[in-house]
Amino acid sequence: MSGPKLYGLMAEFENPQDLVEATRRAREAGFTRLDAYSPYPIEALTEALDIHDRKLPAVVLGGGILGGLCGYALCYWTTVVNYPLVVGGKPYHSAPAFIVPTFETTILFAAFAAVLGMLGLNGLPMPYHPVFNSPRFALASRDRFFLCIEARDPRFDHDETWAFLTKLGPRVVMDVEE
Amino acid sequence: MDATNDSRLAGETVRLSRAAFVVGLVALGGAVAYGTAHPDQFFHSYLLAFMFWNGLTVGSLAVLMLQYLTGGAWGISIRRELEAATRTLPLTAVAFLPIAFGMHSLYEWTHADAVAHDEVLLKKAGYLNAPFFLFRAALAFAIWIAIAWALNRWSREQDSSADHRAVDRKLQLLSGGGLVAYALTTTWTAVDWVMSLEPHWFSTMYGVIYMAGQGLGALALATLAVVRLSKTRPVSEFLGGRHMHDLGKMMFAFTMFWAYVTFSQYLIVWSGNLPEEISWYLARFRGGWGWVGLAVLMLQFVLPFLLLLSRRANRDPRTLTLAAALVVLMRFIDLSWMILPAFSQGHFRIHPTDLTVPLALGGIWAGLYLRNLAGRPLLPVHDPGFEEALAHGRD
Amino acid sequence: MADAATPTPPAEKPATTTGILAPGYSFTTLTDKIASIALSRRTPFVWFIGAGVGFLLTMMLLTALTWLLFRGIGIWGVNQPVGWGFEIVNFVWWIGIGHAGTLISAILLLLRQPWRNSINRFAEAMTIFAVACAGIYPAFHTGRPWLDYWLIPYPNSMGMWPNFRSPLIWDVFAVSTYATVSLLFWYVGMIPDLATLRDRAKKLWAKIIYGMLAMGWRGSARHWSRYETASLLLAGLATPLVVSVHTVVSFDFAAGIVPGWHATIFPPYFVAGAIYAGFAMVMTLAIPLRKLYGLEDLITMKHLDNMAKILLATGLIVGYGYVVEAFMSYYSGNTYERFMIWNRLHGPYKHAYWALLFCNLVMPQALWFRKVRRSVPWLFVIAMVVNVGMWLERYVIVVVSLSRDFLPSSWGLYKATVFDWATFIGTIGLFLALMFLFIRLLPMISIFEMRAILPEAKVREEEAEA
Chain A
1 MSGPKLYGLM AEFENPQDLV EATRRAREAG FTRLDAYSPY PIEALTEALD IHDRKLPAVV
61 LGGGILGGLC GYALCYWTTV VNYPLVVGGK PYHSAPAFIV PTFETTILFA AFAAVLGMLG
121 LNGLPMPYHP VFNSPRFALA SRDRFFLCIE ARDPRFDHDE TWAFLTKLGP RVVMDVEE
Chain B
1 MDATNDSRLA GETVRLSRAA FVVGLVALGG AVAYGTAHPD QFFHSYLLAF MFWNGLTVGS
61 LAVLMLQYLT GGAWGISIRR ELEAATRTLP LTAVAFLPIA FGMHSLYEWT HADAVAHDEV
121 LLKKAGYLNA PFFLFRAALA FAIWIAIAWA LNRWSREQDS SADHRAVDRK LQLLSGGGLV
181 AYALTTTWTA VDWVMSLEPH WFSTMYGVIY MAGQGLGALA LATLAVVRLS KTRPVSEFLG
241 GRHMHDLGKM MFAFTMFWAY VTFSQYLIVW SGNLPEEISW YLARFRGGWG WVGLAVLMLQ
301 FVLPFLLLLS RRANRDPRTL TLAAALVVLM RFIDLSWMIL PAFSQGHFRI HPTDLTVPLA
361 LGGIWAGLYL RNLAGRPLLP VHDPGFEEAL AHGRD
Chain C
1 MADAATPTPP AEKPATTTGI LAPGYSFTTL TDKIASIALS RRTPFVWFIG AGVGFLLTMM
61 LLTALTWLLF RGIGIWGVNQ PVGWGFEIVN FVWWIGIGHA GTLISAILLL LRQPWRNSIN
121 RFAEAMTIFA VACAGIYPAF HTGRPWLDYW LIPYPNSMGM WPNFRSPLIW DVFAVSTYAT
181 VSLLFWYVGM IPDLATLRDR AKKLWAKIIY GMLAMGWRGS ARHWSRYETA SLLLAGLATP
241 LVVSVHTVVS FDFAAGIVPG WHATIFPPYF VAGAIYAGFA MVMTLAIPLR KLYGLEDLIT
301 MKHLDNMAKI LLATGLIVGY GYVVEAFMSY YSGNTYERFM IWNRLHGPYK HAYWALLFCN
361 LVMPQALWFR KVRRSVPWLF VIAMVVNVGM WLERYVIVVV SLSRDFLPSS WGLYKATVFD
421 WATFIGTIGL FLALMFLFIR LLPMISIFEM RAILPEAKVR EEEAEA
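If you're matching them up, the sequences are chains A, B and C in order.
Residue numbers for the first sequence follow the working numbering, so the first one is 1 and each next one is one higher.
Residue numbers for the second sequence follow the working numbering, so the first one is 1 and each next one is one higher.
Residue numbers for the third sequence follow the working numbering, so the first one is 1 and each next one is one higher.
Hint data in this document are derived by calculation from the structure and do not stem from the laboratory.
Accuracy of the hints is not assured; some may be wrong.
As the list claims (entries may be wrong) - Stretch-level coverage of chain B by chain C, calculated; a stretch enters the list once three of its residues show a Cβ under 8 Å from a Cβ in chain C:
1) 116-127
2) 184-196
3) 300-312
Where is the CB? At the ideal position from N, CA and C, for every residue including glycine.
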């Protein structure tokens, strides 16, 4: 093929039901490199694409544990080791008091882990992505549902895939350039 | 679905109930025999027993009202277990009588000579005196029994009538006002029955800690019961993974709330470090009681927290049962930690009656509870949220 | 069993979305309706009035603060023995208002309450702006705001560290964590909607700015899946955080031993009070907004009813706090504790205490009646009354307790100066200005979460299996 390289083929659907159905059929047909785009999260779509990513909770747990350790270490080291000072008749190692800042740093680190982890795993921010080359794709953030089968899929063949997508009853099928 | 109770279930429950009665009566006989010789020790242990079992009963009433008020599938799944517990209220009301008789063995402020020489107790005499104390106890029981009676009666009406919208509305309204009444009664009974054991000490958080503990205990007990009942019809056809998940989450929330209020009280008293306040903690940290307190923290909060943290554990009946059983047991240890050091200032002392008397009252209570449980259909099929709750569990 | 009733299921299945969205909306109309407020609709004239008032009051705030920098905090009414005056009152008041935003977005998300979807966005915005207003007070109350960075633990040439046994440093940790996490939560929640604005914007600069903020969001199913997980985890973190923040604020008082401050009930009582005040503020904002922008279909009577119920419940918890405080002051048998309540009831500030009892305890009892909960003017009046009442509560706790402590020889009264008032009203102006800018520039209702509760968003289960 001459001209710009092809990224994939995209089918546009009018409702979530059709998109979920089409995604399932595409998976059954053996396509592996595909993605579905919708204006809001659809649980059934996660199942249809068989997405099993359990990394994020682990990242957040790790962030929380790290934050807790850092927070307590900060209190302990500054108050017991580096600058021991009796205040209000309390012991140097005032565990009840240290729990409070420790709690806050736990939450802070875990929250950052959740946000940065989500963005990182999703590859965001992403300044350029081929799907935006399709002028109709702007509707993916409004009221339309898209299924994109990528050209690097081993089973991808332009004409056959086009025919396959057309059978799924989309509003329109279009080329997406790289 | 078929909502009738499995016939085998009734037989099993009644057998269990009888066994519990027997255990309770035997233990009671022993305890009374011992108690006539050592009345002080008997009443100390008896107060612990009463606070534990009455706490489960009144806590169930509170959780029942909470679930009427907020709705949600979690409440429907344990409705009948909670109701069965609230119907033991006449028993716990009668069980209060020994405390009325044992006041002298329990409360320093009932001794006129002690009060006469104590400026602080003199100032409190308008509140801490025997007639007013008994009146407040009677009032609390009257309120609880009235609420429990009405809730159970209306729930029965909801079961047997086709058009129950009026009843649904009444149940919600009573639960709203009832929770307000619960908060006040629990606060003053906690102050009267336990806090006044050390009559110089006071804490505004005290009532809230009891509410958190009672709610936690009641929820754990109901969870234990419903998971066990889900082995037979009709609960087996209702209870799904999501219900268990919800119950686990509720227990998780309650144990966090309990830890939160308990820690907050400690931190504030610790920071202020005033002699009349910190003495309460000193009595509970010294002479081995500190280890009990640590065990309560670890086993009533940390371990259930970790057990119930993951979604998979919540949906596993065994993990849920383990967490719930642990919580019920630790409620007892927690109450021991709150109550017993008041009698053994600074020393760690546990008497065999601290176990046998709770067992005696507990056997009778459990016998009645099981009988109550078997006496009603186990699912509130006419509740307006039942269909939704049923579908909720199907995922 | 003997009396097992024959099951007859209720006639209609209760749908969870009943009443929280007027019928007749589609993905298209819903998106366009909300997005157009930020993108294309003519800005209503009232907006200019509101934003203008907010802007002018912000100028007053800046003037008052500038003068403060020249003269020092002596221009405020604080002095011995009342060293904490309006500034701490307002700090606690603003922080409290912020809490409802987090509650609506986090706790109601965890409880899967879809009615939150139309109010969570501006409630979260309210949180951030309220925390911003709150932060101004302690920052300037230090007297030398240019040295505020000393509050942060960092290795320094003086070899000193903050005192981690002090509630004041806990507060620094709690409030800064809260501000940060709220901002993260708000921004992450807005990413898909920013993508909508990016795709709908006509003007180039709007495309560029919204595009950069949307970070290339494209609505991929894989992204949504992680996004949902992240939202739930953030909500799970924000819930204990919001509780901890007002708990720590309450420790600022309760860890001391001043009668009226040193009460163990303070943590849950402050948290409930914060939610109470916050929901009152959400109602105060939501009622005019839905009218102004014709959003009655999206913020329905059902929302107002639910919020009124939460207002009633939290108000009762706060009332429980008052009752227990008064009872324990008697029960303690402690001279100072008993005097504290007597002083509130009969002392020089008795009007504030009685007014607060009326505002927070008596007035909201009207919400027991469905008629009141379904009447917009009544709700607005009650919400305003609670706003005032919760401000008075903090005033009573801060000022009244300090003015009469242990030694009568060290008693003294507090009187706010014109600069106290200018700063207070100025922060209300700042809050208004930020709120109006937000309404104008960003989607004030979460578009993607509203799409998800439309009837056409349902994917039928039987086909979802297979």
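Verification of the hints:
1. With a cut-off of 8 Å between beta carbons, the stretch 116-127 of chain B has 6 residues touching chain C; three or more are needed, and the interface restraint holds.
2. Coverage of a stretch by a chain is defined here by at least three residues with a beta carbon nearer than 8 Å to that chain's beta carbons; for the stretch 184-196 of chain B and chain C the count is 3, and the condition holds.
3. Counting residues of the stretch 300-312 of chain B whose CB lies closer than 8 Å to any CB of chain C gives 0, which falls below the minimum of 3, so the coverage claim is violated.
Violated hint: 3 only; the structure is consistent with all others.
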